[in-house]
Every structure is written in structure tokens, then in C-alpha cells.
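Colleague: Order-wise, the sequence lines are chains S and W. Oh and the first sequence: position 200 is 199 in numbering that gives the first Met the number 0, straight run, nothing missing. Oh and the second sequence: position 48 is 47 in numbering that gives the first Met the number 0, straight run, nothing missing.
Keep in mind the hints are simulated off the structure, nothing from the lab. There could be a bad hint or two in this list.
Stated by the list, open to error - In silico BS3-like links for lysine-lysine, alpha-carbon gap of 27 Å or less:
| id | chain 1 | residue 1 | chain 2 | residue 2 |
| --- | --- | --- | --- | --- |
| 1 | W | 4 | W | 151 |
| 2 | W | 4 | S | 5 |
| 3 | W | 275 | W | 228 |
| 4 | S | 236 | W | 66 |
| 5 | W | 151 | W | 109 |
| 6 | W | 134 | W | 110 |
| 7 | W | 109 | S | 5 |
| 8 | W | 243 | W | 228 |
| 9 | W | 230 | W | 243 |
| 10 | W | 66 | W | 4 |
| 11 | W | 151 | W | 110 |
| 12 | S | 76 | S | 236 |
| 13 | S | 236 | W | 4 |
| 14 | W | 120 | W | 151 |
| 15 | S | 76 | W | 134 |
| 16 | W | 205 | S | 236 |
| 17 | W | 228 | W | 4 |
| 18 | W | 237 | W | 275 |
Stated by the list, open to error - To give an idea of the chain S side of the interface with chain W (calculated C-beta under 7 Å), a few residues:
| id | residue |
| --- | --- |
| 19 | 6 |
| 20 | 14 |
| 21 | 18 |
| 22 | 78 |
| 23 | 79 |
| 24 | 81 |
| 25 | 82 |
| 26 | 84 |
| 27 | 85 |
| 28 | 86 |
| 29 | 87 |
| 30 | 198 |
All C-beta atoms in this analysis are idealised placements derived from N, C-alpha and C, irrespective of residue type, glycine included.
One-letter residues, chain by chain:
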Amino acid sequence: MFSLYKKEVQSYFLSPFAYVVSALFLMVFSLFFINGISDMNSNVLKFSFSNIFYNNFFYFIFMIPLLTMRTFAEERKSHTETLWLSAPISIAQVVIAKYLAVVTVFLLMLVLTLFFPLVAWWHGSVIVPSMLCGYLGFFLWGLVCIAIGMMMSALTDNPILAAVLGEGAMIVVIFLDNFTKTALVQSMPAVAKVFEWFSTEQRFGVFSQGLFSLSDLVFFLSLSAVVLVWTVIIIEKRRWSRG
Amino acid sequence: MVEIKNLTKYYGSHPAVLDISFTVGDHEVLGFLGPNGAGKSTTMNMITGCLPATSGTVLVDGYDIAKDPMEVKRRIGYLPELPPVYPDMRVRDYLNFAAGLKRVPRGERKKQVEDAMERLKITDVQRRIIGNLSKGYRQRVGFAMALLGSPKFLILDEPTVGLDPTQVIEVRHLIQDLSRDHTIIFSTHILAEVTAVCERVVIINKGQIRAVDTIANIEASVSGDLRLKMKVEGEIMKVTNIIKGTQGVQEIEEVEYDSVGVNSFTVRVASDDVRKPLMSALLAEDCMVLEIASEKASLEEAFVKLTAPTAKQSSAEAFEALGREMDAAREAEEAAAAEESRSDADAAGEPKKTEQAAESAGAPAQKSGRGKQKKGGKH
Chain S
0 MFSLYKKEVQ SYFLSPFAYV VSALFLMVFS LFFINGISDM NSNVLKFSFS
50 NIFYNNFFYF IFMIPLLTMR TFAEERKSHT ETLWLSAPIS IAQVVIAKYL
100 AVVTVFLLML VLTLFFPLVA WWHGSVIVPS MLCGYLGFFL WGLVCIAIGM
150 MMSALTDNPI LAAVLGEGAM IVVIFLDNFT KTALVQSMPA VAKVFEWFST
200 EQRFGVFSQG LFSLSDLVFF LSLSAVVLVW TVIIIEKRRW SRG
Chain W
0 MVEIKNLTKY YGSHPAVLDI SFTVGDHEVL GFLGPNGAGK STTMNMITGC
50 LPATSGTVLV DGYDIAKDPM EVKRRIGYLP ELPPVYPDMR VRDYLNFAAG
100 LKRVPRGERK KQVEDAMERL KITDVQRRII GNLSKGYRQR VGFAMALLGS
150 PKFLILDEPT VGLDPTQVIE VRHLIQDLSR DHTIIFSTHI LAEVTAVCER
200 VVIINKGQIR AVDTIANIEA SVSGDLRLKM KVEGEIMKVT NIIKGTQGVQ
250 EIEEVEYDSV GVNSFTVRVA SDDVRKPLMS ALLAEDCMVL EIASEKASLE
300 EAFVKLTAPT AKQSSAEAFE ALGREMDAAR EAEEAAAAEE SRSDADAAGE
350 PKKTEQAAES AGAPAQKSGR GKQKKGGKH
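Given these sequences and hints, build the entire structure.
Modeller: Dropping the structure here:
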């Protein structure tokens, strides 16, 4: 399993892919950072990063699918999946190894953005708990998105299609909250309630305010786990109907 | 030992593999023969656990692929039809990665990878990116991957596809070499390969087994009899009658027009001894034998027969029918000539048959016509 993880992480950094995606991410991040700084009025001396994350995760919708689109679709297309299908490794292990590899890349991208709090701290001051919780919330949200992106990649053998499907799925997940607030859904309290259970944005909001909520942490982790289990099932199912 | 019992795979309602059973003993090289789309790859995918079977079992060293996939996969090295290589990796990195995936202990990895590269003669390309390699090299990288972890069983799906003739021979030698410590099942549709490498073959077509036996037995079973191929100059009917009249001749299987007045006959005979009386009989009647050769059934023929039994049968039947019609036509002709004066009532029963026979005998009649033409030219 470790060799698969290692190979996956390497494959991101052997091609210009990871560099380009992280550069794009950092560019967007810095734009919002500059925007946030210039928006501050003179009374505010402390800078919280949660706002940046709020704006950023819309971009994040388009970046996570770029990272996950190749995970399974490409292997299916180039017939390399027989390598791990015939190796003494279970599909669950493959999914976990690949998942951890994407998470590692994502984590590295986040670590790179620590440059901005450092700059802010250097020239002013940063609300540390709010920033840390903002980072944590952002990371947890990323975990769910990566799992969804991988599931979409397992559904098809076309990486581009996997990216588009992933974007679609993530837009649904993000805007579920907005959709829940519409009059139509609110008129049906039972439906609104169910939608609220799965709303991720609200839970991210809790983190961004500098609060740490165990129940939301569990929510993000368990949702990722459920999606990963689905991914395993999808691959198993495809193995049966392949031909 | 690999035991395959009643293995079946359906894709939807279409059976790709239907009720296949055979066993492969230790240190055996088994050839898996079949035309394209016969179910070779599907069977191999099922043996290696890449594809679950609809029903039936695969036991590898007593472990069931459905129940103990890990144990089975540890014992198998699989080279699929399309080598599963990552185009963006370097050869050596790829093999290191595959070794890790196959749970080769860390300390042994380097040695195993180097051995495999040595065996497949890819050491000189180890630093190159697989995507830039030619098809033949990629195939060899895939082969090297299959050898990692020194699996007891090697399953090779068309290992020589895409290789140039020298490489094909190298791979054959490699398979022979490997058969000392591995059990090998390999599929191919190139028959020369099988004869060169295997002791035993499984012939499969349309998902069903046609034969499981040694090459010698299959060749013998398909046709235990001998054939003579002879080129004879002379009038076709006369030659046919002489051949048929010789003792030991079982059947004329095929008559082919060769050149003016010369026809090739494929004759099924009981033994080689028929050659002498046949030759002297022909020569006595002034028919010149230009060529004669005895021919044994080859694996190729067996393959053709076994994989297309219905087509072959029908053509044989058609030929027999043609022969009968030719005889009928001749009889009718003779009868018509001798008994021209007979009453119309008698002939009324015959014309239908005569017509039919004449029609079907059209081609041979033409041939004999040409024969006559040549004779005429000579005189």
C-alpha cells in the first residue's frame, strides 16, 4: 500500500501538474489576500483568514477535481488497473492509498499558503485561533471534496469527464445550503431538515468563526469515509461488469 | 497446480467463457490457443482475479481465487494483453513500484528488479521514461514486472505480440528457461509459438474448450490418417477412376485445377504403402505423376478443425455431395448415351436428377473439358 501511495504522490510531482495547480491555487489565494487587506478599514488591526477561505473555496471546487480526475479514470483508460487488480492488494487499500496521496498534495498546497499569515503577522497581527480553525475547516472540507472527486473518477474512463462530474457534484454539495434556504424547500420542513444534515457550508462556517466543533469534525470525516466506501463499491461493481 | 473447474463468465446474456475445466501441473508450460475473441483473455483475467467469474472455481495451489484472493495473487505473475505500464514513469522506478505492490521485501527489491531487467534485456533502458519506449520494450517491461516476486505461476497473455522476430525468439527461449522454476500458462494465436514451447495445449473457441491434450495427441486425434498430395497429368475422370480403384485409397478429398491437363489430388490413404501401387497404376494408364508428397495433419490443421468444426464439417459434406452428384451425372450421361432409344416414359423419371447433377457437376466438367483441349493441342 505504501508503494502505491508513494508512486501516486511522485506522479503528481513528476509531471508539471501539481505545480501548475498549486500555483493557480496560490495565485487565487494571494488575490483574495490582497483584496482582504485593502478592504480593511483603519480600525481593524487584526486579520482573520476565514474570509479568504470563504471566497476561496469556490475556486477550490475547480481545483480538487483537477487533482482527482486522473486517479481511476486514467488507469482504466490506459489499462494499468490490471497491475493492482492482480497484485496482492485489496481495492480498499488501493482507494485509501490514492486518497492519501491526493490529500498529501492538498496539504502541501495548504502549507504553501502559510506564507500569507506569516506576512500578515510580520506587519500586523493575526487572530490565531480563528486562522487555525479556518485552516482546519478548509482542510476537512477538502477531504470530503477529494473523496467525491475520486468517486467521480471511478465512474468513468475519461479524466475530463471525471473532472466535470466532480465539479458538478461539488457545486451541488456547496450550494445545497443556499438551496435549503429557498422558499420552496423551506415550505417543506422535513425536506429542509434532511438537506441541512448534509449541508457542508454551515459546518465550515462554524470553523471559520474560530470555533472547534467535534460533531462537525466527525461529520466531515465520516462523510469522506462514506464516499470512499462508495468508491470501493463502484470499482468492485465495475470489475464484475467489465468486458 | 492450477485447477480450473466449470469456469463460466457471462457479459450480460452473452457467454464469454462457458464451463471451462482443465488443470495445469507444476512446472508445466501450457499453451492456451484460440482465435481472437475466443475467451482467452477473459479466462486469464479470471485466473488472476482481475475479473470475477460468474460461476465455477479457480484453485491455485489449493487456494480459491474467490475466497483467498491475496494468497492466490501472491503466487501469480500476470502479464495482461496490454502491459500495465505507467507511461510517465521510468522503467526502473516502475519496476521498483511494482515490486513494492507485489510485496517483495524491501531488501530483495533491488536484486529482483535487476534480475528481471537482466532477463528481459532492458537494463540499458532503465532510466528511460516508459512512454517514450517502443511497443516491444513496453511489452518487455511488462514481462519483467510479471517476474517480480518470483511467482510460482506465470500467466502471460500473448507475450510476443508487438515484438520483432528476433525478440519473439528471445521470448520463446525465455519462456523455456523460465519453465524450469515456474509453471506457465500462456495464450497466443500464433501456432508456431505453441509447438516451439509447450507440451500441452488447451484449444478454446467461442468460450468453450475444444481440446486439452499434448500437441502430438491432438495432431493424431484430428486425423490419424495420411494424405497424399499428388500432381497428375492426365484426363481428370480417368485419373480419378484409377486412384479410386487402387487398394488402400480411402477417399479423394480435393481435386484442384493446376495447369492445363494437370490436376492436384489430395487423397486420403490408409498407409504410406499405397504410394507404390498408386504410382504404377497411374503410369500404366499413361498418366504422368509430376509430384507426390505425403502430408501429416499439423497442429495448424487441428486448430482450424477444432475452432471451426461446423464450417469444416459442412464443407466436407458439401464435397462429398459434390462427389455423389458427379458420379450421378456420369452415370446419367452413360445411361443417356447407351439407351437413347428408350421410351420417353422411362426418361421422364430421370431428367430432374440429370439436370441437377449436370448443374452441380459444371465445374469439374469444365476442368475435364480443358484437359481434352490440351490433349487435342498435343496431337
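Colleague: Is the Cα-Cα distance between residue 76 of chain S and residue 134 of chain W 27 Å or less?
Modeller: Given pair residue 76 of chain S, residue 134 of chain W holds - Cα atoms ~17 Å apart, limit 27 Å.
Colleague: Given residue 6 of chain S as an interface hint, is its Cβ closer than 7 Å to any Cβ of chain W?
Modeller: Holds: closest Cβ of chain W sits about 5 Å from residue 6 of chain S, inside 7 Å.
Colleague: Just to be careful: measuring from the Cβ of residue 14 of chain S to every Cβ in chain W, is the smallest value less than 7 Å?
Modeller: Result: holds, 6 Å to nearest chain W Cβ.
Colleague: Going straight from one Cα to the other, do residue 120 of chain W and residue 151 of chain W come out at no more than 27 Å?
Modeller: holds (22 Å)
Colleague: Starting from residue 243 of chain W, check that the Cα of residue 228 of chain W is at most 27 Å away, please.
Modeller: Answer holds: residue 243 of chain W to residue 228 of chain W is near 14 Å, not above 27 Å.
Colleague: Hold the hint about residue 82 of chain S up to the distance rule: shortest CB distance to chain W must be less than 7 Å.
Modeller: holds (4 Å)
Colleague: How about residue 85 of chain S: closest beta carbon in chain W under 7 Å, or not?
Modeller: Where the cut-off is 7 Å and the nearest Cβ of chain W is about 4 Å from residue 85 of chain S, the hint holds.
Colleague: Between residue 237 of chain W and residue 275 of chain W, does the CA-CA distance stay at or below 27 Å?
Modeller: The hint holds at about 18 Å.
Colleague: Against chain W, run the beta carbon of residue 86 of chain S and see if the smallest gap drops under 7 Å.
Modeller: holds (4 Å)
Colleague: Can the restraint linking residue 4 of chain W and residue 5 of chain S be considered satisfied, given a maximum Cα separation of 27 Å?
Modeller: Violated - the C-alpha atoms of residue 5 of chain S and residue 4 of chain W are around 39 Å apart, more than 27 Å.
Colleague: CA of residue 76 of chain S to CA of residue 236 of chain S, is that 27 Å or under?
Modeller: holds (17 Å)
Colleague: Is it true that the CA of residue 151 of chain W sits at most 27 Å from the CA of residue 110 of chain W?
Modeller: holds (18 Å)
Against the hints set out earlier in the document, violations occur for numbers 2, 17, 21 and 30.
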